[in-house]
Amino acid sequence: MKTHACLLCLTALLGPSLSGCAAIYRITRPVNDALQAPFVEMPDDPGVHTPQQPAQRGPQEPSAPLIRSQSPDGGPMRATDATSPPVNRYTQPSAPFAGQPAQPVAQETYSAPQLPAPPADAYPPGGYPFQDPNSPQTFQEALTRPSDLDIFVQEARTGKFSFGVADNSNAGLTGQITVEERNFDLFRWPRGWDDVTNGGAFRGDGQYLRMEAYPGSRFQRYLVSLTDPYLFETNITGSASFSYFDRNYFDYFESRYGGTLGLGYRLTPDLSVQSSLRLESVGISDPRVAGVPELDAAIGRHDVFGAKLQLMHDTRDLPLAPTEGHYFRASHEQVFGNFDFGRTELDYSQYYMLRERPDGSGRHVLAFSTQVGFQGSDSPIFEHYFAGGYNTIRGFAFRGASPIDNSVRVGGRFQLINSVEYFFPLTADDMVKGVVFCDFGTVERTTAFHDAFRVAPGLGLRINVPALGPAPLALDFAFPVNDESTDQRQSFS
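Heads up: the sequence shown begins at 26 in my numbering, then just goes up one per residue.
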């Protein structure tokens, strides 16, 4: 992901949504009196196993008193006869207990109770005896003693508010206002004014809310999205979003608004499947040139509905500036409404970490990425693929490497975009990195390849500015070595 120059960005953290608390868990420890520890002899705990020393009694007392010992967690233990010696089944008998008359010790060998010996081949050589947890319990019922464990949870900030001004080669000068809350609760309505002032309202369920506004000179976009990672207490992810977008392209003006509903399921930590339904209203107006069939067919407002299914496999170590792993996405969308067509896309990125410093910094990374897309013949111009710009083929202006008809950039129904990049550190703290790259590919009106296969090598910088967010600032220079005569070049992006 390539991010471009930002003039000003301030970030304010919202209040915490997770209060500090102490959670108490009850942990039980089984004590089995019938087994002898095979390798480790545990020392006795005098506060638990050894009864308190009784007071000296005279011979006139008819019976020995009972003393109740106290467990470490404050609960009472069983009553203990003061004259009874402490019992230890894992050692031989010791001297008589205080206050008990000495008795002659029988001349016999002491042995603890033993279980029947297992077969000779029951355990692997040198291994521990193992009991299958799913098999019936063969040991005698174990005694348990609960203990208290205090876990202290520290408060964490889950909300963020940021605003700033950005400028990039594709969108021009834009404002940026973003509000995020990662512990949102749609149904936690305020119970009073205190809930509003202390930040307790609409928080606590782990939902992700994002609101963003991008007003700009060339385009504007507004978005509200809500994601529940565990919909209805299941492993299914649910999401809903509503957006408005308009842009004044060079050849026409486009505006669209609508929403998306999605469901996802994580099959493994790296593999997930998602489905979504898109409902949009798209309007095309103010054509610069008349008489272009693909543009004329799109003039007016159209209803677009799309059902999409996609599979993703992601092993990257970092989502914004990865150094290892890969990302794969395969998707198919069937669009219907005023236009009926299908769209299939494949995205793949691979990252190789070639070398690093002993402390793990200063990584040299080789990256390769490819994007392939196909569309049906009924796809309108506002759904076509376009090439040119920092996120497709650098070295060309925005949409400047796309098919053209009567000086109108009409795009195409097939795209193949590739990039090879080599990242290396320029400073010891990894705040500034260099990159050498080569972008190559094409966008065609049909699935046939032509001689206009664009190739643009270049170099650039990646500057990490913490005040601008986690994404690095990208400055790239590219110089096309193969292009089409109608392409529009732009070296810096």
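It is worth saying that the hints were derived from the structure and are not from the lab.
Misleading hints may appear alongside valid ones.
Computed list of lysine to aspartate or glutamate pairs in EDC-like fashion (alpha-carbon distance at most 20 Å, straight line) [unchecked claim]: (1) K333 <-> E370; (2) K333 <-> E305; (3) K333 <-> D384; (4) K333 <-> E381; (5) K185 <-> D210.
Against the structure, the hints come out as follows:
1. A C-alpha spacing of about 11 Å is found between K333 and E370, which places the hinted pair at or below 20 Å, so the restraint holds.
2. For the suggested pair K333 and E305, the alpha carbons sit about 14 Å apart, so the restraint of at most 20 Å is met.
3. Annotation: proposed proximity of K333 to D384 is violated, straight-line Cα distance about 44 Å (limit 20 Å).
4. Between K333 and E381 the alpha-carbon distance is near 40 Å, which puts this suggested pair outside the 20 Å criterion.
5. Proximity of K185 to D210 is assessed by CA-CA distance (about 16 Å); at most 20 Å being required, the pair is judged to hold.
When the structure is compared with the earlier hints, violations turn up for hints 3 and 4 and for no others.
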